[in-house]
Amino acid sequence: MTSFALAWRTAACYRMRSLLAMAGVAIIGALLFDMLLLSRGLVESFADLLNSSGFDVRVVAQEGLPVLRAPIGEAGRLASDLRRLPEVDDVTLVRIEQAVLTGATGETTRVSIIGSTRSSVRSAWTLLKGSDLPDAATPSADPCPLIVGRHLAEARAIAPGATLTIRISATRQPTALPAVACRVLGIGDFAFGNATEFAVATTMSALAAADTMRPGDEADLVLVRSRSQAGGRAAARAIARVRPDLHAYSNEEIVAEFNQNGFAYFRQVSIVLSSVTLVFTFLLVGTLLTVSTNQRLGQIAALRALGIGRLRIAAMLPWESTVLVGAGALLALPLGGLLAWRLDRLLREMPGLPERLHFFVFNSGAVVEHALLLAATAVVAAGYPIWLASRLPIADTLRREVVG
Amino acid sequence: MTFASDPNGMRAARFRIAGIYEPTPDPMRFTAARMEARMHLPDVIALTADPRDPAAAEAVDAINIRFVDPADRAAFQSDLRARAPGLAATPTARAPEHDPFAVLDRFHVAISVVTVLGGTAFLLALMIIRAEERREMIGLLRLIGISRRSLLAAVLLEGFFIAVIGAIVGIAIALAGERMVNMIFQRRYDTALVFVRVTPSVALRSVAVAVPLGIAAGAAASWSVLRRGILSLIHR
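Sequence lines, in order, name chains A and B.
According to my numbering, the first sequence is numbered sequentially starting from 1255.
According to my numbering, the second sequence is numbered sequentially starting from 210.
Covered stretches of chain A (chain B as the covering partner; in silico rule of three or more C-beta atoms under 8 Å from a C-beta of chain B):
{"hint": "1", "segment": "1540-1554"}
{"hint": "2", "segment": "1588-1599"}
{"hint": "3", "segment": "1602-1608"}
Label-pair ranges, simulated between beta-carbon atoms:
{"hint": "4", "chain 1": "B", "residue 1": "Leu256", "chain 2": "A", "residue 2": "Thr1419", "range": "36 to 42 Å"}
{"hint": "5", "chain 1": "B", "residue 1": "Pro251", "chain 2": "A", "residue 2": "Gln1352", "range": "26 to 32 Å"}
{"hint": "6", "chain 1": "A", "residue 1": "Leu1537", "chain 2": "B", "residue 2": "Pro279", "range": "49 to 55 Å"}
{"hint": "7", "chain 1": "B", "residue 1": "Ala428", "chain 2": "A", "residue 2": "Val1634", "range": "31 to 37 Å"}
{"hint": "8", "chain 1": "B", "residue 1": "Met389", "chain 2": "A", "residue 2": "Asp1386", "range": "53 to 59 Å"}
{"hint": "9", "chain 1": "B", "residue 1": "Arg437", "chain 2": "A", "residue 2": "Ala1449", "range": "54 to 60 Å"}
{"hint": "10", "chain 1": "B", "residue 1": "Asp278", "chain 2": "A", "residue 2": "Asn1305", "range": "51 to 57 Å"}
{"hint": "11", "chain 1": "A", "residue 1": "Leu1537", "chain 2": "B", "residue 2": "Val390", "range": "17 to 23 Å"}
{"hint": "12", "chain 1": "A", "residue 1": "Ala1449", "chain 2": "B", "residue 2": "Pro251", "range": "39 to 45 Å"}
Hint data in this document are derived by calculation from the structure and do not stem from the laboratory.
Cβ coordinates follow ideal geometry from the N, Cα and C atoms, glycine included.
Using the sequences provided together with the hints, build the complete structure.
What follows is the structure in structure tokens.
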């Protein structure tokens, strides 16, 4: 009989304890799997979110991220200068203001209003209903076309074709700007929008016309798409060369910066909890195997007396550990997926987070890492029981366990 | 020390350092390198105000207000909106629905629940092995006339003591972990922020969960042996 068959028979013989041990490994393994997903999930999700906009360089006026509010003057000229760079394929100017939406009965709602020089800045929003904003190059009869965010549209029952009265909030100015009537062209889902924020988007010219407190040619953010042969980093360096007063960051640099600072908490939680769960699994499987081996010393001595070699007996225990941990680890994957879904929902309730950002993102690397870590734990946990079983004096043990 | 609000170093002003301070720990900014200096408001205004803007010398970012009667807050907010368009009065305390730490708290509770569930499964498995080990002894005790109820009470008592000792050891490990985690993270981020704190309420909550679980696991595992007949227990 092989070592694996012996281990399998032991697991089958002590069914209840084996099932409970597998359940324990499955639950702890699910937590370990989730922590491995968490260690990279947020960064991968954030990188996906940035890349989905179709622009790989962001130009801002001040060092450090996230900085969006320091204005960039003469933005039109800047866009023309950047378009001439051989590393740059496309440039879009973005301006963000706070505004107040006044309803038919006088009730007000605070909204963020985004103005951009390009319609549907690729995936900055996904159009759900109606039509998109007109392109900046196309003359439009509509002085203030709007794309309304899904949350706002649902909360205020807004449909394409509706007219909204919007007044820009003049920050730090003791004044009120006149309200502007804007026509809703479509309803969209904003990539960077969060569940608690109401957002609308319009053209740069419409926003500049509505906000007379700021110079018309001012932007808060410049989005740049690099040429594929140059790449984001090269484009960012080229922009820094021509405009040293501004700060250009490629998507990779932004993700690295956030990974270092913004997401440090979750990375560290993931490291601490992964280590704790591994130690926990090791201690519990190790204790379980040790207690179980101690209980079966008579059996093991009898098997040795029957002629089953020391090596085969010793090999039975890692197999036993592998059966328990392996079955638990397999169960841990779907259980971990379910737990990750629930924990992700819970963490995404955090205020101010983009709705499309996820904390737990499935990746095959985490599955492999999970399997390797648990396999190593199973082998290490079997160490002491192997030592116990292989040093067992046959005659003494039989006398003590059977005759005694 | 010379400060200038202009990146080119124009309109610089020299200041004498009166003291060095530890910034108030801020959990929202603990990963940021906080390059800060504090000075009197007139000095900040003189350093940063735009000379072309006559109103700049009168401008501030925020005004902190304490009410004689906190119930007046809503009336004040509405009054301010009417009198000074563009200004907004917001409470300094964060509403629970806007508190990221309330979400983190729920996340930690969820992780704890999962850990307790995993631990309970292992505990049950160990207790079953332990109960099996004592099967013959329980048979002998039953043979000499000790009732099932007395044996169950003994098992419950044993489970209680083991759970209490386990919980105390767990709290001791948590206290040691608290010191270690705080030391590592405070050094790593150069902050006085306390990252882990084992409070009496946390310790009590752990005991309140661990003790009933320990007793229940012991009782459940032992019952599988106690309910058997005496002859079966002594292999006859």
